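Top to bottom, those sequences are chains A and B. Counting along the first sequence from 1, when you hit position 62 you're at 62 in our numbering, and nothing is skipped either side. Counting along the second sequence from 1, when you hit position 361 you're at 361 in our numbering, and nothing is skipped either side.
Don't take every hint at face value.
Distance condition first, Cα-Cα at most 30 Å in a straight line; then the derived DSSO-like pairs of lysine-lysine [as the list claims (entries may be wrong)]: (1) B:K289 x B:K164; (2) B:K216 x B:K296; (3) A:K103 x B:K426; (4) A:K72 x B:K442; (5) B:K323 x B:K99; (6) B:K164 x B:K216.
Keep in mind the hints are simulated off the structure, nothing from the lab. This structure is a prediction, so every number in the text was calculated from the model and none was measured.
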Amino acid sequence: MTVGYEPWDTARGAEIIAEHAGLEGATLVILHALQEAFGYVPEPAIPMVAEALNLSRAEVHGVFTFYHDFRKAPAGRHVLKLCRAEACQAAGGDALAARAEAKLGVSLGNTTADDRVTLEPIYCLGLCATAPSAMLDGRVIGRLDEARIDALVAEAQR
Amino acid sequence: MTMRIFVPRDAAAVGVGADDVALAFAQAAAARGAAIEIVRTGSRGLCWLEPMVELSTAQGRVAFGPVTPGDVPSLLDAMAGNGQHALRLGVTDEIPWLKRQTRLTFARCGVIDPRSVDDYRAHGGYRGLERALTLTSDQILADVTASGLRGRGGAGFPTGIKWKTVAQASADRKYIVCNADEGDSGTFADRMIMEGDPFVVIEGMTIAGITVGATKGYIYIRSEYPHAVEAMNAAIVAARRAGLLGKRIGGSAHEFDLEVRVGAGAYVCGEETSLLESLEGRRGIVRAKPPLPAHKGLFGRPSVINNVLSFAAIPFILDNGAKAYADFGMGRSRGTMPIQLAGNIRYGGLFETAFGVTLGELVDEIGGGTFTGREVRAVQVGGPLGAYFPRALFDTPFDYEAFAARDGLIGHGGIVVFDDTVDMVKQARFAMEFCAIESCGKCTPCRIGSTRGVETINRIINGERVAENLAVIEDLCNTMKFGSLCALGGFTPYPVMSALKHFREDFGPAPARLQAAE
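Please construct the entire structure, taking both the sequences and the accompanying hints into account.
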């Protein structure tokens with residue numbers, strides 16, 4: 001769920017960073033933990049991570065921007081990810097993605113104006129024998145058809 | 001008498017309603033006061049029948065599927081009565097699609113409770129480790145080498161040689177790294193085994209650890225697989241509690257422990273050196289080789305890095321001997337391959353079989369053609385970096401060398417089927433687009449070549465100077481193939497060139513016709 005995240009708080013951020021800073025190669029672990037708590041990785045957290053891991057700010061920023069998962073701003077209240085890889089393309093995923101875009105009025109990679117739904121592409125959920133597939137707020141859905149994609153979009157808009 | 005009912009918890013089954021079915025069973029049983037025990041298992045891999053539930057009977061497990069919550073009351077009646085039901089599929093092990101397979105790696109997947117060490121042991125689990133603990137490192141290496149096992153991630157490098165290199169290296173620390181960054185579309189075997197039989201991965205990695213002298217292992221799982229992350233973490237906790245991870249494994253002098261690390265949506269991190277960078281907390285930028293990871297891997301230490309399926313094949317080999325594994329297969333491809341049938345296919349799922357089965361058998365006989373009922377036009381084998389094969393090449397046997405000889409690769413064993421509505425020039429463009437999105441940026445052929453590739457294919461689609469632009473694509477593909485640092489840039493030409501070679505008609509008018517028209 002993308003609802004129910006904590007607002008950014010420096011002390012809480014420092015606590016999360018400290019919790020994982022002792023691990024080998026902790027940068028990704030910390031960025032994941034921050035995003036799990038706040039829904040995105042707030043900018044003030046970057047120099048704090050750098051300080052804790054004895055890295056430069058640029059290094060942490062570089063890691064943060066390299067990976068598709070990390071957000072620099074909160075997502076919409078719900079995140080609908082549509083698998084756009086080959087197995088889902090073969091099973092009619094292109095038309096379903098276009099349908100979801102039209103219903104929501106945004107293209108893949110964007111959030112609706114009312115901040116309710118973020119629509120994103122994802123490259124393979126590993127549900128390739130029950131394609132096309134999607135993920136709504138962490139819940140997986142396979143064998144999508146027009147009726148199911150409409151229901152998912154309606155659920156995300158609520 | 002309590003009825004034991006098995007309902008999968010595999011993501012593919014959950015995605016089509018398995019959780020709702022499990023809940024419906026619990027509610028319906030409570031409402032009528034029936035005594036049932038629901039065991040959540042992995043998936044048997046017959047994906048078109050999911051959610052497929054099973055009932056324990058005197059004749060063995062009996063399967064029903066695909067089940068919806070609405071079917072549950074009548075199913076419970078049938079299970080308590082004579083067993084007859086419209087969804088009844090018969091004794092699970094006798095279902096032809098399953099019976100035809102040779103399940104060595106996936107023997108327990110869908111059968112056992114993936115949260116229970118005891119269930120794993122009751123089905124032959126940990127016998128491989130027990131035997132390994134009685135052997136020397138050299139003896140284990142001899143077994144792994146003699147089995148003929150080759151890296152199941154796609155490169156097909158002999159596992160025994162890789163392990164031996166690490167075993168012979170001297171260092172203060174060594175690592176075992178499991179590559180569970182299964183990013184190829186059309187592949188899901190890693191996900192299935194981690195969700196359905198996580199202990200087999202743990203056991204395989206533990207054997208690797210004691211063989212090469214490593215005490216710490218990492219499993220790098222992609223973030224798109226939350227169910228697998230949960231299953232592996234739960235299994236690691238259970239294995240520790242049972243004394244099978246940690247200090248003094250199984251009462252021996254060996255120490256080995258595991259940790260799961262989660263990726264962050266970068267496809268290139270499935271490349272082993274990029275994965276190591278990511279595990280170390282950096283951008284997933286590919287490293288130049290040499291040095292090999294076996295010499296200087298994770299944190300600069302000698303490291304065994306293998307795919308999930310490679311580790312998962314190890315317990316069988318140690319338990320049953322190298323010969324039992326090597327007896328399957330053809331040529332230099334020994335043992336079995338868990339093949340994944342996906343995309344527009346009628347009977348999709350996981351089909352583990354000895355190497356040597358032909359592509360045509362897999363797609364037409366086993367897969368049953370397309371679910372749309374239209375002609376199969378193209379199949380992509382080996383993920384986004386794999387070649388598209390036309391029907392004319394369906395006699396190709398599933399074997400590393402046979403696919404290479406036809407300018408393709410088996411990769412991680414995924415087969416994606418397309419019907420005759422596919423536009424192959426668009427698939428070629430997608431291959432370039434995907435490479436452009438996922439390129440780590442280190443080498444020029446991949447970083448720039450993929451973007452130029454998208455632009456050039458767009459010109460071809462628009463009908464601009466088609467012959468000249470096709471020549472540019474060929475030249476570009478050669479540059480990428482021979483000039484890229486890793487398989488992302490190096491193999492993207494496979495789907496592009498195979499689409500062009502076998503489906504030339506989708507790329508605009510042929511040169512001769514163009515001249516005639518002028």
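Now the hints, each set against the structure:
For the suggested pair K289 (chain B) and K164 (chain B), the alpha carbons sit about 18 Å apart, so the restraint of at most 30 Å is met. For the given pair, K216 (chain B) sits about 16 Å from K296 (chain B) by alpha-carbon distance, which is consistent with the 30 Å threshold. This hinted pair checks out: K103 (chain A) and K426 (chain B) have alpha carbons roughly 24 Å apart, not beyond 30 Å. Between K72 (chain A) and K442 (chain B), the direct Cα distance comes to roughly 24 Å. Compliance with the 30 Å bound is thereby established for this hinted pair.
Proximity of K323 (chain B) to K99 (chain B) is assessed by CA-CA distance (about 22 Å); at most 30 Å being required, the pair is judged to hold. For the given pair, K164 (chain B) sits about 17 Å from K216 (chain B) by alpha-carbon distance, which is consistent with the 30 Å threshold.
When each numbered hint is compared with the structure, no violation occurs for any of them.
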